[in-house]
Amino acid sequence: MAADYDLLRWIALIPLAVAAFNLFWGRALGRKAAGIIACAALGASFALAFYVFWQLPSNGMFRDLVYSWIDSGSFKVNLAFQVDALTAVMLLIVTGIGFLIHIYSLGYMGHDEDSVRFFVYLNLFVFFMLTLVMADNLLLLFVGWEGVGLCSYLLIGFWYRDPSNAIAGNKAFVVNRIGDWGFILGIFLLVTELARQGVWTLDFAQLQKHASMLSPQAIGLITLLLFIGATGKSAQIPLFVWLPDAMAGPTPVSALIHAATMVTAGVYMTARLHFLFSLAPATLSLIAWIGAATAFFAATIALTQNDIKKVLAYSTVSQLGYMFLAAGLGAFGAAIFHVFTHAFFKACLFLGSGSVIHALDGEQDMRKMGGLKARMPATYWTYLIATLAIAGAPLTAGFFSKDLILWQAFSHGALALWAIGVITAGMTAFYMFRQLFLVFHGESRADAHAQARLHESPAVMTLPLIVLAIGSIFAGWLGAPEYLWGSRWDAWLAAIFAVPEAPHGAATTEIVVTLFTLGVVAIGFSLAYLKYGRAAAPAPERGGLWYRLALDKYYVDEIYDFIFVRPFTALSRFFAEIIDPWVIDGAVNGVAALTRGLSQVWRRLQTGNVQHYAMGLLVGTLALLAYYFSQL
Amino acid sequence: MMPLNYYLILSAVVFAIGVVGVLIRRNLIVVLMSIELMLNAVNLTFIAFSRYLGSMVGQVAVFFVMAVAAAEAVVGLAIIIAVFRQRQSLDPQDMQILKW
Amino acid sequence: MDFSTLIFFLLAGLLVIASLLVVFLRDVVHCALALVAALLIIAIFFVSLHAPTVGILQIMVYAGAVMVLFLFVIMFLNPAVLERPRALWWSAASILALLLGGLLVPLFFNHEPPGDPVASTELFGSPEMLAKSLFGDFVLPFEIASVLLLVAIVGAVVLARRERSAP
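Protein chains in written order, with the working numbering: chain W, 53 to 684; chain R, 88 to 187; chain B, 337 to 503.
Okay, chain W solo, but in the shape it has when bound (with noise of 0.2 Å):
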């Protein structure tokens, strides 16, 4: 049952408001002062969505209704909002999380000149983010989805005086409109084929009431359609290239946008439309095994790379293709909830790894950090929880999430895409704990400048990485397998999913999966730690062919440059230097090069004889008559 709520949009506009504010007088009321201020408004809706989500009954929905958009005919789009238990999980996590990387980014932009800036555009973020996940229609979500992709843009070049800072958003705004292209398709072709049987809509409600009025081949279309926007918006196969020189960007930027939400709203997107794609099982085979897929190739990638964020930026492309093959599965429910304990353990390793990289003035190369285990202590134990969790350590949030994903490959019989998962696992764990060895362990590689102004975070930074590391481990209780203590989880989501998952099967076949893949998380771990854990400088990685190919990415975004990048521009070059001049101008000149040649040759009709004019009239009223005559 539905009832109206205007609180709704309160959640989504307080950060606007916020915005708009810090934006004409943040500089006049001072960095500081800018900055709590967009945490209060964070503070305010994590507060406003959390007292929705108590009002909330499980199988219930609230409305709010707050202009009327598009009302052309038969056809209306409403600005509306919609809180059901799909989009409360979603308001939690982005307001919650939103709002603990809001207070750290207090302590990490607060040396920066261009804070208040940077909480205009986080704030901004947050509405869009949330106008995207309590949309009651497909073009609201839209209109969500690319609001978050420019925020994006914003904040990833933010320090835009570098350059290459400006040329990694304008690469993430540019991939993620290529996906955007293909959901715009998605949803027009939609629409025609709704209308083409009367319906005209694009709210959630009518197209799941409608949705199997379409025929296979459009629903096939247009899930394939919107699953390639998907893949822009969360950094999959193939266009997930974004992501990596994402992390030019402030770290909290990376910890909230490339972590927690904006890299989710693919997920999101595909459970709200869960009907559709359900009707769709091409599509969503598709949509399994390029999970799978860019779980496997981005996690290779990240067993080499140096950079402490970028390893965290492929983990995320990797722990993503782990959400898409639980959709794509049709575990949606597994799905959202990777996605919601991914944001915890996920955001507590980047604002962990920002303040790793704040206290050691800018260094981002793991190859000279280490030791810093006795200097950062809060850093270092919550950044352990963190890494514990998202290897799937038992008992842990990632362990519950993922398992639960793995189990649902397994029962659904998908052996190839289970294989694939565990070996995921496993690299998983190989590579986090080699980030942790070599950042916080052993003896310190840092010059001694850096080793003198070491220093712990202030409060204001470990404070939300104590919280988050909290959730890491708890958050994940809550879908607990059924030989544990059942899962509050499904149940709450059961009213969305009314398709039921998977039955859990034996217990007994699931205590042996988990434990086949516990097994391969701590060969992981272990090879970890025979390399990096124990001495006390580990040796410098060579190594052949493949390790050069994952640490150089495959070199895909040479290969897209060659394909795609180079054609394109020599195309527009070649508009802009010959089409351009020769025939766009080449036509407006001519015409008025034929209106003078023309003109030259009429001209001589003037000779300034007035004899000839007369004649000139004579002939007109021959011509005249002529026709006067004719018509007798």
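Some hints could be false.
With a Cα cut of at most 25 Å, we get these calculated SDA-like pairs of lysine to any residue [as the list claims (entries may be wrong)]:
1. K186/R x A666/W
2. K186/R x V653/W
3. K186/R x R655/W
4. K128/W x F256/W
Here are some chain R residues the structure puts well away from chain B; computed CB gaps all over 10 Å [what the hints assert, rightly or not]:
5. M182
6. Q183
7. I184
8. L185
9. K186
10. W187
Using C-beta positions, here's what the derived DEER-type ranges look like [as the list claims (entries may be wrong)]:
11. L185/R x V441/B: 30 to 38 Å
12. V441/B x V152/R: 19 to 27 Å
13. G438/B x N641/W: 44 to 52 Å
14. H366/B x L646/W: 50 to 58 Å
Read the hints as simulated data drawn from the structure, not as lab findings. Using N, Cα and C, we set each Cβ at its ideal position, and we do this for glycine too.
Assemble the complex: chain W is given as a structure, and chains R and B must be docked to it using the hints.
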């Protein structure tokens, strides 16, 4: 009385001859005289119709045509005099400075 | 063929000949005289068509005043040049004029003449009748025509003035 057509045809013939004069002659005064000829042909038409329809309007029209023709001849001759003073010629061919 | 028809064709022929003389004679003065003849013949036609007032006016104004003015100007300017005819131009113009006549004439034949002329009264065409129309229905054009004549006079005087050198 003659049928109306005869007068009309006569008038048409005189009109055509006047047109020829306007086009052909290289003396401006003769051109002006040809124009007078054309106007008179039209006057003949007016009077013929006036007689045959029994209406005075035709004769009134002729009255006005005559007045205007007189005025026009006066002004035209004045222009010819002025031009002659400039160019020492009455040939239209010598007055082509408004050409392209 | 009765008498009036004969007179008509005679006069018509003379009119046509006079017109041709106006157009084709070389000496300007000869052309002017031919035009006077043509105007007089037309005046005769006017009178025969029950428009005596207009006919007299034709003689007085047209043949009398306007043609005298023409002759004045011819004498005044005394153009010496005799023109050379241009064959191409003359033939082109003649052909076109023939066409014009050729088109007009059948037009006139195509319409039924309005039957017998309306029986005219004694007064038809008399000065009284003309004055009644002129000062009755057509008083506005009459006044405008007088303004037109005034303007023409002024204009002619201005145009024909000799250029005054600066005092």
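Evaluation of the provided hints:
A hinted pair counts as satisfied when its Cα atoms are at most 25 Å apart, and K186/R with A666/W qualifies at roughly 15 Å. A threshold of 25 Å between alpha carbons decides the hint, and for K186/R with V653/W the separation of about 14 Å falls inside it, so the pair holds. Between K186/R and R655/W the alpha-carbon distance is near 9 Å, which keeps this suggested pair within the 25 Å criterion. Between K128/W and F256/W the CA atoms are separated by roughly 12 Å; this keeps the pair inside 25 Å, and the hint holds.
Taking the minimum C-beta to C-beta distance to chain B, about 14 Å, the non-interface status of M182/R holds against the 10 Å cut. For Q183/R, the requirement that its beta carbon stay farther than 10 Å from each beta carbon of chain B is met, with the minimum near 15 Å. In this structure I184/R is separated from chain B by more than 10 Å, as the shortest Cβ-Cβ distance comes to about 18 Å. For L185/R, the requirement that its beta carbon stay farther than 10 Å from each beta carbon of chain B is met, with the minimum near 18 Å.
The claim that K186/R is not at the interface with chain B holds, since no C-beta of that chain comes within 10 Å of its own (minimum 17 Å). The beta carbon of W187/R sits about 20 Å from the closest Cβ of chain B, which is more than 10 Å, so the claim that it is off the interface holds. Taken as a hint, the range 30 to 38 Å holds for the pair L185/R and V441/B, whose Cβ atoms sit roughly 36 Å apart. Range check, V441/B to V152/R: about 22 Å between beta-carbon atoms, so the 19 to 27 Å window is met.
Judged by the Cβ atoms, the range 44 to 52 Å given for G438/B and N641/W holds: they are separated by roughly 49 Å. The hinted range of 50 to 58 Å is satisfied by H366/B and L646/W, whose Cβ atoms lie roughly 53 Å apart.
In summary, this structure violates none of the numbered hints.
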